[in-house]
Amino acid sequence: MPLMPLLRRLPAAALQLRFLQLPQAAPAVAASARHQRQSLSTSATTGPSAQPTSPAGLQATVDVDSRVLTLHGAAADDQAGVATLNFPLAWLRDNCRCSLCHNSNSDSRQLLMNDFDPTAALTEATVEAGQLQLLWADGHRGCYPLDWLRARHFTEDGQVPPDLRLSKSIPRLWRDWPFRPDFLDGQAVMSDDAALLELLQRLELDGLVLLDNFGTDEDSLSRLCHRVAYPRRTHYGVIFRVESKPGPSNLAYTTGRLGFHTDLPYFEHQPDIQLLHCIRQTRTVPGGENSFADGFSAAELLRDRRPEQFHLLATALTNFRDRNSDDLDKFHLLQRHPVLELGRGGQVRRIHLSNQQRDSVLRLPLGRVQAYYEALKEFNDLLYDPGHSLQLRLKDGQLAVFENGRVLHSRTAYQGERLFMGAYLSWDETLSRRRVLQGL
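For what it's worth, the UniProt record's numbering labels the leading residue of the sequence shown as 1, then goes sequentially.
To be clear, the hints were calculated from the coordinates, so they are not data collected in a lab. Watch out, some of these pointers could steer you wrong.
Lysine to any residue pairs mimicking SDA-like chemistry, simulated, CA-CA at most 20 Å apart [claimed, not checked]:
(1) K245 / D329
(2) K377 / G367
(3) K395 / R241
(4) K377 / R305
(5) K377 / T315
(6) K245 / F331
(7) K395 / E300
(8) K168 / E341
(9) K168 / R358
(10) K245 / G256
(11) K245 / R257
(12) K395 / F183
(13) K168 / R344
(14) K395 / R180
(15) K395 / R305
(16) K377 / H337
(17) K377 / L301
(18) K245 / L276
(19) K245 / K330
(20) K395 / G422
(21) K377 / H311
(22) K377 / S291
(23) K245 / E429
(24) K168 / E218
(25) K245 / G422
(26) K377 / R358
(27) K168 / R433
(28) K330 / N380
(29) K245 / E218
(30) K330 / R232
(31) K245 / R280
(32) K395 / R232
(33) K377 / L258
(34) K245 / Q357
(35) K168 / G346
Label pairs and their calculated CB-CB ranges [what the hints assert, rightly or not]:
(36) E308 / D185: 42 to 50 Å
(37) L100 / F183: 49 to 57 Å
(38) T254 / R283: 52 to 60 Å
(39) D157 / R283: 56 to 64 Å
(40) W177 / R283: 29 to 37 Å
Note that CB positions come from ideal geometry on N, CA and C, so glycine has one too.
Input sequences plus hints: build the corresponding full structure.
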């Protein structure tokens with residue numbers, strides 16, 4: 001008997017695709033059900049003249065060879081000019097939206113991988129009442145809202161993202177435009193969700209946001225962190241004081257100059273976001289000025305000008321160490337990172353650099369050490385280029401929020417009293433907050 005699927009005509013309200021069951025004595029069929037399913041190799045597609053449609057003009061076909069179900073017609077349009085939507089059968093079975101397979105309260109998959117069969121055969125497909133309904137060979141009936149499917153169809157290059165706003169925004173490099181940030185109102189950020197959303201969106205794009213009118217209450221930074229997400233605890237505490245201290249465990253707790261750096265590169269995952277709140281700026285002028293540099297922007301310039309140095313900083317591992325004791329406890333942290341950490345597409349995704357905490361241990365071949373130092377020096381000098389950096393003197397009640405793995409910060413030496421409160425946030429929880437504010 002030829003392995004030909006049979007298209008069954010239905011009323012105009014629905015479209016079904018049924019497949020003939022293989023006879024038990026068919027010589028091409030092995031004993032296992034899995035082999036029977038894999039034997040269905042004939043395409044189930046048919047011409048429009050042989051295929052009924054729904055009132056909205058939607059048509060469904062299944063190609064058993066490629067195991068792909070296709071929705072096409074006017075009703076399949078995803079509003080991006082795509083009128084043919086493809087869905088692998090394995091993906092459809094894995095993402096069934098019925099109450100047995102999907103928990104709507106937690107928006108989680110209940111189908112266990114133990115019970116999942118990636119070669120499950122489809123015996124019927126029905127489009128009706130805004131849903132795709134599927135009957136699988138094991139008797140399971142699945143359902144999929146058409147609007148949900150339109151946002152998740154597949155192309156030759158992969159699956160179309162449900163919504164680009166769900167992902168972290170692509171950075172807007174400072175070298176590409178004259179970045180001179182204005183100050184957001186701190187009180188508005190604390191009371192108005194629209195103002196908080198603007199802060200988070202700017203942070204994703206530019207890596208640095210400045211706030212004014214935030215007050216000088218030492219506890220206000222903690223309240224802002226909890227308004228966004230949860231501050232990250234480290235060996236320096238949750239909310240930490242940045243001021244000159246006797247017997248300092250960190251150079252930030254001195255009055256000396258600090259070069260451009262990222263905080264805590266000796267962690268496997270250094271903090272994503274840093275907040276610095278000026279409680280009391282030194283009254284001695286000049287002194288205590290803050291500088292910020294877009295490390296991504298400087299790295300791309302290094303890639304353009306000196307690709308061999310860019311490659312070296314992206315591949316050589318640098319040791320960072322923090323070993324001391326503080327009011328909390330003794331600590332000894334050690335980690336190795338490339339100065340320029342690249343993502344899957346080759347873009348710079350995170351920078352690890354702190355000259356004061358770069359270890360004397362350098363595990364590089366003898367012949368690469370000189371080139372490493374020259375590359376490190378070149379990148380450091382690019383950070384001070386006005387096209388990638390800006391300097392300002394934060395005043396009492398002002399706040400800087402910046403992406404620690406992108407925007408490096410520094411400070412000039414100062415005299416007298418100067419107090420900043422500091423904290424860290426993670427991108428995971430911050431992006432979650434932004435999505436909630438957007439109603440995504």
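Legend entry - Ascending list of hint numbers which this structure does not respect: Of the numbered hints, 7, 9, 15, 23, 24, 28, 32 and 38 do not hold.
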